[in-house]
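There are 2 protein chains.
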Amino acid sequence: MEEEDGRRSSFPGPPTDPMVTALLTDMYQITMAYAYWKAGKHNDRAVFDLLHRKNPFGGEYTVFAGLEECIRFAANFRFKKDDISFLRTVLPPTCEEGFFSYLASVDCSDVEILAMPEGSVVFPRVPLIRVEGPLLVAQLLETTFLTLVNYASLVATNAARHRCVAGKDKMLLEFGLRRAQGPDGGISASKYCYIGGFDATSNVEAGRLFGIPVRGTHSHAFVSSFMGFDEIVKRSLPHAKGGKICEDFVHLTQLWLRQMQDKPSLRSYFHETNPSELAAFSSYALAFPTAFQALVDTYDVLRSGLPNFCAVALALHELGYKALGIRLDSGDLSYFSIETRKFFRLVEKEFGVAGFGKLVIVASNDINEATLDALNKQGHEVDAFGIGTHLVTCFSQPALGCVYKLVEINGHPRIKLSEDVNKVTIPCKKNCFRLYGREGVPLVDLMIGENEVQPQPGERILCHHPFVESKRAYVVPTRVEPLYKCYWAAKPVRREKLPSLEEVKKHCMEQISAMRSDHLRALNPTPFKVSVSGNLYDFIHHLWLSEAPVGELQ
Amino acid sequence: MEEEDGRRSSFPGPPTDPMVTALLTDMYQITMAYAYWKAGKHNDRAVFDLLHRKNPFGGEYTVFAGLEECIRFAANFRFKKDDISFLRTVLPPTCEEGFFSYLASVDCSDVEILAMPEGSVVFPRVPLIRVEGPLLVAQLLETTFLTLVNYASLVATNAARHRCVAGKDKMLLEFGLRRAQGPDGGISASKYCYIGGFDATSNVEAGRLFGIPVRGTHSHAFVSSFMGFDEIVKRSLPHAKGGKICEDFVHLTQLWLRQMQDKPSLRSYFHETNPSELAAFSSYALAFPTAFQALVDTYDVLRSGLPNFCAVALALHELGYKALGIRLDSGDLSYFSIETRKFFRLVEKEFGVAGFGKLVIVASNDINEATLDALNKQGHEVDAFGIGTHLVTCFSQPALGCVYKLVEINGHPRIKLSEDVNKVTIPCKKNCFRLYGREGVPLVDLMIGENEVQPQPGERILCHHPFVESKRAYVVPTRVEPLYKCYWAAKPVRREKLPSLEEVKKHCMEQISAMRSDHLRALNPTPFKVSVSGNLYDFIHHLWLSEAPVGELQ
Chain P
6 MEEEDGRRSS FPGPPTDPMV TALLTDMYQI TMAYAYWKAG KHNDRAVFDL LHRKNPFGGE
66 YTVFAGLEEC IRFAANFRFK KDDISFLRTV LPPTCEEGFF SYLASVDCSD VEILAMPEGS
126 VVFPRVPLIR VEGPLLVAQL LETTFLTLVN YASLVATNAA RHRCVAGKDK MLLEFGLRRA
186 QGPDGGISAS KYCYIGGFDA TSNVEAGRLF GIPVRGTHSH AFVSSFMGFD EIVKRSLPHA
246 KGGKICEDFV HLTQLWLRQM QDKPSLRSYF HETNPSELAA FSSYALAFPT AFQALVDTYD
306 VLRSGLPNFC AVALALHELG YKALGIRLDS GDLSYFSIET RKFFRLVEKE FGVAGFGKLV
366 IVASNDINEA TLDALNKQGH EVDAFGIGTH LVTCFSQPAL GCVYKLVEIN GHPRIKLSED
426 VNKVTIPCKK NCFRLYGREG VPLVDLMIGE NEVQPQPGER ILCHHPFVES KRAYVVPTRV
486 EPLYKCYWAA KPVRREKLPS LEEVKKHCME QISAMRSDHL RALNPTPFKV SVSGNLYDFI
546 HHLWLSEAPV GELQ
Chain S
6 MEEEDGRRSS FPGPPTDPMV TALLTDMYQI TMAYAYWKAG KHNDRAVFDL LHRKNPFGGE
66 YTVFAGLEEC IRFAANFRFK KDDISFLRTV LPPTCEEGFF SYLASVDCSD VEILAMPEGS
126 VVFPRVPLIR VEGPLLVAQL LETTFLTLVN YASLVATNAA RHRCVAGKDK MLLEFGLRRA
186 QGPDGGISAS KYCYIGGFDA TSNVEAGRLF GIPVRGTHSH AFVSSFMGFD EIVKRSLPHA
246 KGGKICEDFV HLTQLWLRQM QDKPSLRSYF HETNPSELAA FSSYALAFPT AFQALVDTYD
306 VLRSGLPNFC AVALALHELG YKALGIRLDS GDLSYFSIET RKFFRLVEKE FGVAGFGKLV
366 IVASNDINEA TLDALNKQGH EVDAFGIGTH LVTCFSQPAL GCVYKLVEIN GHPRIKLSED
426 VNKVTIPCKK NCFRLYGREG VPLVDLMIGE NEVQPQPGER ILCHHPFVES KRAYVVPTRV
486 EPLYKCYWAA KPVRREKLPS LEEVKKHCME QISAMRSDHL RALNPTPFKV SVSGNLYDFI
546 HHLWLSEAPV GELQ
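Going line by line, the protein sequences match chains P and S.
Just so we're aligned, residue 6 is where the first sequence starts under the working numbering, counting upward by one.
Just so we're aligned, residue 6 is where the second sequence starts under the working numbering, counting upward by one.
In case anyone wonders, no lab produced these hints; they're calculated from the structure.
Hints are not guaranteed to be accurate.
Remember, identical chains collapse to one label, so a pair may be satisfied in a single copy or spanning two.
[Claimed, not checked] Mimicking DSS-like on lysine-lysine, the simulated pairs with C-alpha atoms at most 30 Å apart in a straight line are:
1) LYS347 - LYS363
2) LYS239 - LYS421
3) LYS347 - LYS428
As the structure is a computational prediction, the values presented were derived from the model and not from experiment.
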């Protein structure tokens with residue numbers, strides 16, 4: 006009974022995107038499945054590692070994401086009748102009928118999936134996910150797992166890097182939907198940027214699906230759609246505290262603009278502002294008196310947008326409301342944000358409106374890590390950044406190269422050799438640990454064989470570079486963290502509960518905070534060390550020599 | 006009755022991805038919708054242009070894609086009950102109830118969508134889609150349309166560029182699923198690469214959804230999963246023509262390997278091959294005797310993979326089958342493909358197997374436009390390229406910046422100014438034409454106001470650069486092609502039928518073939534000219550001056 010209860014509570018729902026089916030895979034997985042079945046190898050016990058070989062963006066860390074969707078995929082993995090009918094049409098007619106009936110029976114009930122918690126800070130070569138199960142089904146998970154992890158981890162890492170440069174006190178808004186790789190690309194971006202440290206998204210559907218806060222005001226088109234004041238028919242606005250009603254709010258904004266024009270300190274900024282822009286702002290404020298935020302660069306930030314915004318904000322203030330602030334979407338964001346802040350402060354001083362100087366300045370327009378860094382160096386007054394294209398497309402490196410490698414079959418370790426040492430995989434079913442030093446700082450990740458004795462705090466442990474014999478070091482860890490948890494297993498009681506999105510985000514933020522800052526910095530970061538036990542080292546090299554062909558110089 | 010019939014036949018199905026809902030949009034579209042409604046402007050008649058400002062990848066053309074999904078989205082555009090319940094939670098509580106009931110009634114029945122046919126070769130500034138309708142709903146389409154067009158056009162263009170470099174006779178296979186922006190990114194990539202000139206995909210789900218041919222054989226893991234010959238239990242293979250049965254096909258491949266080793270011409274290539282690789286290949290051939298294709302670089306291409314492949318292929322040949330060929334996934338593809346071809350020819354000669362020299366060589370491994378170009382220059386013997394990461398992530402430029410701009414409201418033209426002339430939009434509801442010269446070569450695109458007289462073949466037409474007065478030229482076109490068709494309108498009879506994927510691909514290939522090759526080349530391509538009529542030119546500049554604030558030098 007316990008097991009049955011466990012199964013009910015720990016059985017994950019289907020993947021978020023209904024397009025994630027058993028057919029969302031490469032054709033060669035299907036042909037291999039047939040060949041394994043035909044050879045009677047489909048139930049060989051296989052262990053695959055999903056790992057990355059290089060951190061993205063020239064950095065020295067990666068944020069691991071996409072695990073929940075992998076587990077949902079595995080838990081619900083089945084070839085439906087329609088799937089199998091389609092496969093019949095793409096496999097050669099020589100394929101035997103028995104295969105298709107076998108395929109209809111395949112699921113992940115005999116598969117075990119260990120993984121690092123989603124949101125973990127991870128390093129090359131240390132597997133993120135370890136899949137153990139019948140060869141045929143463990144192989145079939147490859148492409149979908151890679152599809153679900155590669156982009157998720159890439160964009161979560163990109164978000165984390167933006168957060169590191171922007172600093173903890175800035176608000177970061179993900180605005181990338183329109184530039185993403187189609188609909189689901191946009192939805193994935195919103196989810197994984199949130200994990201990586203963003204505060205909110207513009208994507209309404211992502212808000213609904215994942216509970217991420219959504220943000221947005223208006224575009225240039227809204228401003229351009231207004232020709233003048235005449236078209237605003239409904240002009241009344243009740244006071245914030247109730248009671249009185251201002252019958253012509255539009256007129257009130259015009260009065261405030263004139264009052265501003267009368268102040269010599271403000272007059273140096275502007276003469277005549279664009280009236281259709283003022284009409285647009287007034288209209289927007291009538292719609293959102295409690296949440297007035299305006300895009301001020303449709304015509305001219307300092308000569309039109311900013312004074313128009315302030316006129317409307319002052320009118321709102323007279324009626325007991327508080328405006329939110331402005332958004333800048335073009336030009337020199339350092340200059341305009343600083344000038345805007347000065348102007349806000351002047352308005353606060355001239356009209357005695359407490360807090361006006363601190364209105365929020367949002368900046369968008371092709372922002373990336375480098376822009377944030379440059380803005381920090383130049384100085385700026387931006388409170389929140391809206392980041393789209395560069396964030397979601399991962400412009401500076403749009404692909405993460407996670408791979409999925411066979412490391413053991415029927416208890417025999419397998420190695421994938423390559424002339425490029427970086428591409429050699431570490432064989433064996435492994436356990437992985439993070440060793441911490443004083444003050445809880447992570448020192449090194451250590452991979453050991455599944456059956457080796459686990460490292461203990463306070464013990465002196467010799468950690469070997471996986472491939473370079475001379476690189477090794479003793480570590481006496483203050484803490485030893487096992488990196489894997491079991492997220493999927495035959496026995497439901499063994500399955501770790503999938504954490505909520507908020508928990509994943511929190512884990513990610515804690516992991517990043519715990520890292521030494523030189524691993525995180527953008528310029529020349531220090532690589533984090535990844536090592537293997539002495540036993541595993543010897544084993545790798547024994548296997549390597551036995552598999553590698555001996556060359557012949559001619 | 007005619008109309009009802011028309012409606013049934015021309016009403017497009019829902020978007021392919023069920024995640025494309027009315028909420029797959031930026032929050033500011035929703036806040037603007039409310040503000041338009043509150044101001045009573047929601048039914049203002051608006052015209053929006055969807056356009057790009059710059060061709061991607063340093064090129065001078067773009068392939069327009071994503072239209073079908075846009076039309077499906079528009080045709081099925083509705084806020085469902087659940088959508089509206091969610092919107093209540095993200096809009097301020099001050100929003101009036103009437104808005105939500107209004108929103109539930111909104112659809113695209115009063116919207117007209119003109120567009121260039123999907124697959125067209127297009128140029129910056131000439132709008133790809135023209136949306137006319139009530140301001141609120143036309144505005145609400147913005148983000149989703151951009152999401153559906155931006156990546157689709159970018160990746161179709163990327164595919165077309167790869168096709169141009171590879172040449173018409175090579176087979177191009179899209180292998181990008183695992184590196185795409187999640188599941189739908191992968192599916193979109195497969196669809197739009199096919200439009201841009203790819204022949205097939207590895208993505209099984211894309212094959213099912215769109216009828217794209219799927220391809221795939223096996224991975225390195227398949228080879229690594231074999232330890233030796235012992236594990237192959239079922240070894241019999243009937244002759245291709247029926248009748249006799251070969252009882253031990255594995256033994257037959259070993260015999261052929263020995264025969265090859267006995268030929269002095271082949272002996273210079275290899276000594277002992279990896280036996281577990283031969284076991285894997287034999288096993289794969291037993292599963293796919295009519296479609297044997299092997300990945301030959303798990304251990305060593307020339308010393309192991311290639312001879313092992315040939316041994317199995319020769320064994321198959323003895324039984325009346327014909328092998329397909331090999332895949333190379335690492336190393337110097339020029340060298341290995343040339344050596345492989347030599348080896349194939351030697352085998353053909355030594356064993357008198359007609360056609361063996363022409364077996365297919367597929368190459369994959371981080372291929373991009375530049376690699377293809379370099380391979381062409383070095384010389385190679387590759388017949389088919391499998392391209393993934395660089396293709397689907399559009400590595401060299403992962404975003405296309407299509408925008409959606411208001412150009413007219415209630416009959417009044419609107420212009421969006423910018424200090425960057427490239428960002429100034431061309432106002433007015435427009436018609437667009439492509440003017441052709443002798444031999445059917447496209448000369449120039451021409452935009453004119455909706456009510457201007459349309460250009461005629463044989464007429465002398467003065468075409469103006471949109472922004473530079475001195476740049477203008479006379480054209481006497483031999484053919485004038487109206488660029489827009491109506492894909493969505495209130496009256497179903499006016500709606501153009503959406504073409505099939507094959508028709509879109511064909512249109513794209515024809516459009517590219519018709520272009521002058523200097524517009525298409527990778528290095529220093531010639532820009533294709535885009536122009537406006539004299540009337541439109543005057544109008545733009547009149548509006549520009551009236552809207553732009555006059556600066557003051559201090």
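Cα distance capped at 30 Å. Does LYS347 pair with LYS363 within a copy, between copies, both, or neither? within (10 Å within a copy, 74 Å between copies)
Self-check item: 30 Å Cα threshold - placement of LYS428 relative to LYS347
Solution: between (55 Å within a copy, 29 Å between copies)
request  = Measure nothing new, just compare the shortest in-copy and cross-copy C-alpha distances for LYS239 and LYS421 to 30 Å and report within, between, both or neither.
outcome  = between (72 Å within a copy, 27 Å between copies)
Every hint, counting from the list given before, is met by this structure.
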